[in-house]
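*Asks:* Work the whole structure out from these sequences, hints included.
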Amino acid sequence: MIRKLLATLVLMLLATSAWANMCPSLMSEIDDALQDEATVSQLDESTLEEVKELRAQGEEAHDAGNHDESVAQLQQAKELLGI
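Under mature numbering (1 follows the signal peptide of the UniProt record, and there is no 0), the letters of the sequence shown match residues -20 to -1, 1 to 63, in that order.
No wet-lab data here; the hints were simulated from the structure.
The structure displayed is predicted, hence computed values, not measured ones.
Idealized CB from N, CA, C, for every residue including glycine.
One or more hints might be untrue.
Stated by the list, open to error - Each pair of labels, with its calculated beta carbon distance range:
| # | residue 1 | residue 2 | range |
| --- | --- | --- | --- |
| 1 | LYS(-17) | GLY45 | 23 to 29 Å |
| 2 | MET(-20) | GLY62 | 46 to 52 Å |
| 3 | ASP12 | GLU49 | 54 to 60 Å |
| 4 | ASP24 | ALA(-14) | 46 to 52 Å |
| 5 | ALA44 | ALA(-14) | 26 to 32 Å |
*Replies:* Here it is in structure tokens:
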């Protein structure tokens, strides 16, 4: 019983760590897209501002340890960017 509990805890920690490592990767993809003039030129001003806001909120959520929220916001920003 204790072994199963410990195994479950280890798996949970590994899963959380994987989400935490995913956030910086997503932020980097968004940052690269925002540096690409061809990508940015296809967006209107309101969409561009929404992408930047989602990117900032994703980083804040990541820094606060809310990795599920961070990933969701960053994925939404990527969708708006078309990447």
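*Asks:* Against each hint, give a clear statement of whether it holds in the structure.
*Replies:* Results of checking the hints against the structure:
The supplied range of 23 to 29 Å is met by LYS(-17) and GLY45, whose beta-carbon atoms lie about 26 Å from each other. Range check, MET(-20) to GLY62: about 50 Å between beta-carbon atoms, so the 46 to 52 Å window is met. Judged by the Cβ atoms, the range 54 to 60 Å given for ASP12 and GLU49 is violated: they are separated by roughly 22 Å. Taking the beta carbon of each, ASP24 and ALA(-14) are about 50 Å apart, inside 46 to 52 Å as hinted.
The supplied range of 26 to 32 Å is met by ALA44 and ALA(-14), whose beta-carbon atoms lie about 28 Å from each other.
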